[in-house]
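Peer 1: What follows is each chain in one-letter form.
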Amino acid sequence: MDSTLQLVRSNPAELMRAEASKARLERLFNEHHDFIWRLVRRLGLSPGSADDATQHVFLVAAERLADIKPGSERAFLFGTALRVARSQSRSDRRWVLEEDMDFRRSQAGRPEDLADQQRAIDLMGRILEGMSLDLRTVFILSELEGMTMPEVAALVQIPVGTAASRLRRAREAFRTAVAAVESKLQSGQKTS
Amino acid sequence: MSDLKLVAPDQPTPLERLLLDAVANESPSAEQRLRVRQALGLSAVAVAPVPARVGRVSAVVKAAVGSAVVVSAVVGLWLAGVGQKARPHAATPVVAIAPTLPPHIESQPAAEPVASPLPPVEATKPQGTASRLASRTVTSPSAAPTASANMNDLSEQLRLIDAARTAIANHDASAAAQALASYSSQFPRGSFGQEAAVLRIETLEQQGNHQQAAAQARGFLAKHPNSPHVSLVKRIAGI
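So the sequence lines, in the order shown, correspond to chains A and B. Take any residue in the first sequence, count from 1 to its spot, add 1078: that is its number in this note's numbering. Take any residue in the second sequence, count from 1 to its spot, add 98: that is its number in this note's numbering.
If you're looking for bench data, these hints aren't it; they were derived computationally from the structure. A hint or two may mislead.
[As the list claims (entries may be wrong)] Which residues of chain A face chain B? A few of them, derived with a C-beta cut under 7 Å, are:
(1) Ala1096
(2) Ala1098
(3) Trp1115
(4) Asp1129
(5) Phe1136
(6) Leu1222
(7) Ser1265
Ideal Cβ placement from N, Cα and C applies to all residues, glycine included.
Full structure from sequences and hints, please.
Peer 2: Printed below as a string of structure tokens:
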């Protein structure tokens, strides 16, 4: 006899619970996987480590699925991702700044453009890494994920005013860092 | 609401736009999505990624230049202009960009941890959780020798697992057993080890070998007490 059929007959309630859990896990993955990957990546993990960290976050969520209140899935994943990223980044090489990571070598319209993109990502990672975790988190959620201030405040569990203050400081840090890079580029051009 | 007004974005410079765009466009690979699905015990179906809500980024960028096309052009021109002017420097030692960052935003530890939305979870204990989850962790593709070889292996693994699953659905236990035997011999450390074990238990049940199915189910539960397949294994073996 088909074992699943046998099961439906013997314990239909348990089967329904299992199916509901699987469906919830499926939704959790579909709605939040890419967000969590981007978050841990922007928190400073290399692409490979971001892959591992994301998987880790979802395995923790799968184990604790019954403990996660409906509606707070994103908050659970976010909090777990922060802790996993913080733990993993200690041993991760994080953003790689090679000596040739310089925009002056780039030439638009050529295969090297891909490298330009990578350099931009690495440079942005370095700039984000220069911010404190508080500022970086708010900057990522607001500037890169497009969340509103109330949404950011709710997710990070801070007052809206605090979130806004952190975003202002994060933007200042970002602008200062980019201005320093631009200044470096300009001085390079003048001497060429 | 004054707080919200105070954080209204200013017009970004071309380099700021370039950096924001570069990071906003980064996303996990399809292989990564598949890997997590496997680890969670979800079916290996193609899933459309949920894109980032880049409304704010777009707002910042588009407010400055009017359209994404112009953004691309500006970025391209910026790169081209910088590249052409500075090409003579390519052979000379290049100064790393890192030291150009102002001292006041050098790397620093977080002054205060971001408020945790929930009580600490096991992920805060790297050793315990990591070792426990390790048995369910699918090997990172980035560690494989080549991505294409990895994908070929993955496709073949999926084919065998799907063949076993289909055979079980068709009540063809011998075909399922054959597919699972091929899987075990070809991929003794395959990414779908747990799925294969569950299907093997189900195959034994279909063959009427309840005793062996129950024994394998108990072994599975002892080895993987936190597997997403635990309830399914219990149901199949009736334990």
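Peer 1: If a hint holds in the structure, say so; if it doesn't, say that too.
Peer 2: Evaluation of the provided hints:
no., hint, verdict
1, Ala1096, "holds (5 Å)"
2, Ala1098, "violated (11 Å)"
3, Trp1115, "holds (4 Å)"
4, Asp1129, "holds (5 Å)"
5, Phe1136, "holds (5 Å)"
6, Leu1222, "holds (6 Å)"
7, Ser1265, "violated (10 Å)"
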